[in-house]
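Residue-level listing of the chains:
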Amino acid sequence: RKEVEQDPGPFNVPEGATVAFNCTYSNSASQSFFWYRQDCRKEPKLLMSVYSSGNEDGRFTAQLNRASQYISLLIRDSKLSDSATYLCVVNNYGQNFVFGPGTRLSVLP
Amino acid sequence: EPEVTQTPSHQVTQMGQEVILRCVPISNHLYFYWYRQILGQKVEFLVSFYNNEISEKSEIFDDQFSVERPDGSNFTLKIRSTKLEDSAMYFCASRDFYQETQYFGPGTRLLVL
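Protein chains in written order, with the numbering used here: chain X, 33 to 141; chain R, 1079 to 1191.
I should point out that these hints are in silico values taken from the structure, not numbers from a laboratory. Just so you know, not all the hints are guaranteed correct.
To be verified - Below, simulated SDA-like cross-link-like pairs (lysine to any residue); rule was C-alpha separation at most 25 Å, straight line:
(1) X:LYS77 x R:SER1165
(2) X:LYS77 x R:LEU1191
(3) R:LYS1135 x X:GLN127
(4) X:LYS74 x R:LEU1191
(5) X:LYS74 x R:VAL1090
(6) X:LYS74 x R:ASP1141
(7) R:LYS1120 x X:GLY48
(8) X:LYS74 x R:ASN1129
(9) R:LYS1135 x X:PRO42
(10) R:LYS1120 x X:LEU78
(11) R:LYS1120 x X:PRO42
(12) X:LYS77 x X:GLU47
(13) X:LYS34 x X:PRO141
(14) R:LYS1135 x X:GLU47
(15) R:LYS1156 x R:MET1093
(16) X:LYS74 x R:ASN1130
(17) X:LYS74 x R:SER1105
(18) R:LYS1156 x X:GLU47
(19) R:LYS1120 x X:ASN54
(20) X:LYS34 x R:LEU1191
(21) X:LYS77 x R:HIS1107
(22) R:LYS1135 x X:SER100
(23) R:LYS1156 x X:SER100
(24) R:LYS1120 x X:ARG73
(25) X:LYS74 x R:PRO1184
(26) X:LYS74 x X:PRO42
(27) X:LYS74 x X:ASP39
(28) X:LYS74 x R:GLU1131
(29) R:LYS1135 x X:LYS111
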């Protein structure tokens, strides 16, 4: 089983749509969780950390379910500028990041 | 806002040649990382570095790879004898002592011919 799995995508949605990304991880001892976004041929950039209580940052909401080893990201009112690949990232024991394969989002006018 | 920088942005080399990729982490960060991303694939961990030594490395980081912090600001990745399959984007990342968030540099695109 792969360490971090994500929806395969791509997701093509119209502007203003709500889109949800799912991610599962295999290591039950994983400690911290993040969503990064990656634009084409660019570096990953932190979108938000994911906390057990769930957290929201503007149009973005992240949820973590440790029992199910599941992480989600919800984007509301999507903008053209949200088009990117969204990376689910898991941190084990404070060391290296384990990246999911990413889910590509295209927001269409 | 402080950022991680990397040089060069692109490097083309012949198979068997040595390359050195350079990174300047954010100045107060203490943990440093190298990752690579082969075109169309996911980001993969190579090595982490703390307190002037390697703290963890992946199976990819074999004897052909080495890292060094030659001075107080630079962090380098050396590939001794490049192979075709080393062609990838190489990202440096750093973080501070207290937070686990890693900040990534813009990457070096390496092409081995």
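We went through each hint and held it up to the structure:
Straight-line distance between C-alpha atoms of X:LYS77 and R:SER1165 comes to about 22 Å, which keeps the hinted pair within the 25 Å bound. At roughly 30 Å between alpha-carbon atoms, X:LYS77 and R:LEU1191 are farther apart than 25 Å, so this suggested pair is violated. Taking the CA atoms of R:LYS1135 and X:GLN127, the gap is about 10 Å. The hint holds against a cut of 25 Å. Between X:LYS74 and R:LEU1191 the CA atoms are separated by roughly 22 Å; this keeps the pair inside 25 Å, and the hint holds.
Between the alpha carbons of X:LYS74 and R:VAL1090 the distance comes to roughly 18 Å, so the proposed pair stays at or under 25 Å and holds. A hinted pair counts as satisfied when its Cα atoms are at most 25 Å apart, and X:LYS74 with R:ASP1141 does not qualify at roughly 28 Å. Between R:LYS1120 and X:GLY48 the alpha-carbon distance is near 28 Å, which puts this suggested pair outside the 25 Å criterion. Using a Cα cut-off of 25 Å, the hinted pair X:LYS74 and R:ASN1129 is violated, with the two alpha carbons roughly 29 Å apart.
For a cut-off of 25 Å, the pair hint linking R:LYS1135 to X:PRO42 is broken: about 32 Å separates their Cα positions. Between R:LYS1120 and X:LEU78 the CA atoms are separated by roughly 16 Å; this keeps the pair inside 25 Å, and the hint holds. Only pairs whose Cα atoms come within 25 Å are accepted, and R:LYS1120 paired with X:PRO42 is accepted, the gap being roughly 15 Å. The straight-line distance between the Cα atoms of X:LYS77 and X:GLU47 is roughly 22 Å, inside the 25 Å bound, and the hint therefore holds.
Restraint check for X:LYS34 and X:PRO141: the C-alpha separation of about 35 Å exceeds 25 Å, so the hint is violated. The hinted pair formed by R:LYS1135 and X:GLU47 fails the criterion: a straight-line CA distance of about 42 Å is larger than 25 Å. As the CA atoms of R:LYS1156 and R:MET1093 are separated by approximately 14 Å, the hinted pair is consistent with the 25 Å bound. For the proposed pair X:LYS74 and R:ASN1130, the alpha carbon gap of about 28 Å is over 25 Å, so the pair is violated.
For the given pair, X:LYS74 sits about 22 Å from R:SER1105 by alpha-carbon distance, which is consistent with the 25 Å threshold. Note on R:LYS1156 and X:GLU47: the hinted pairing is violated, with a Cα-Cα distance of about 44 Å set against a maximum of 25 Å. The hinted pair formed by R:LYS1120 and X:ASN54 meets the criterion: a straight-line CA distance of about 16 Å does not exceed 25 Å. Restraint check: the Cα-Cα separation between X:LYS34 and R:LEU1191 comes to about 31 Å, which exceeds 25 Å; the hinted pair is violated.
Proximity of X:LYS77 to R:HIS1107 is assessed by CA-CA distance (about 17 Å); at most 25 Å being required, the pair is judged to hold. Taken as a hint, the R:LYS1135 and X:SER100 pair is broken in the structure, with Cα atoms around 28 Å apart against an allowance of 25 Å. Using a Cα cut-off of 25 Å, the hinted pair R:LYS1156 and X:SER100 is violated, with the two alpha carbons roughly 40 Å apart. Between R:LYS1120 and X:ARG73 the CA atoms are separated by roughly 12 Å; this keeps the pair inside 25 Å, and the hint holds.
Annotation: proposed proximity of X:LYS74 to R:PRO1184 holds, straight-line Cα distance about 6 Å (limit 25 Å). As the CA atoms of X:LYS74 and X:PRO42 are separated by approximately 18 Å, the hinted pair is consistent with the 25 Å bound. Between X:LYS74 and X:ASP39 the CA atoms are separated by roughly 21 Å; this keeps the pair inside 25 Å, and the hint holds. A threshold of 25 Å between alpha carbons decides the hint, and for X:LYS74 with R:GLU1131 the separation of about 28 Å lies outside it, so the pair is violated.
With a C-alpha separation of about 38 Å, the suggested pairing of R:LYS1135 with X:LYS111 is violated against the 25 Å cut-off.
Hints 2, 6, 7, 8, 9, 13, 14, 16, 18, 20, 22, 23, 28, 29 from the earlier list are contradicted by this structure; the remaining hints agree with it.
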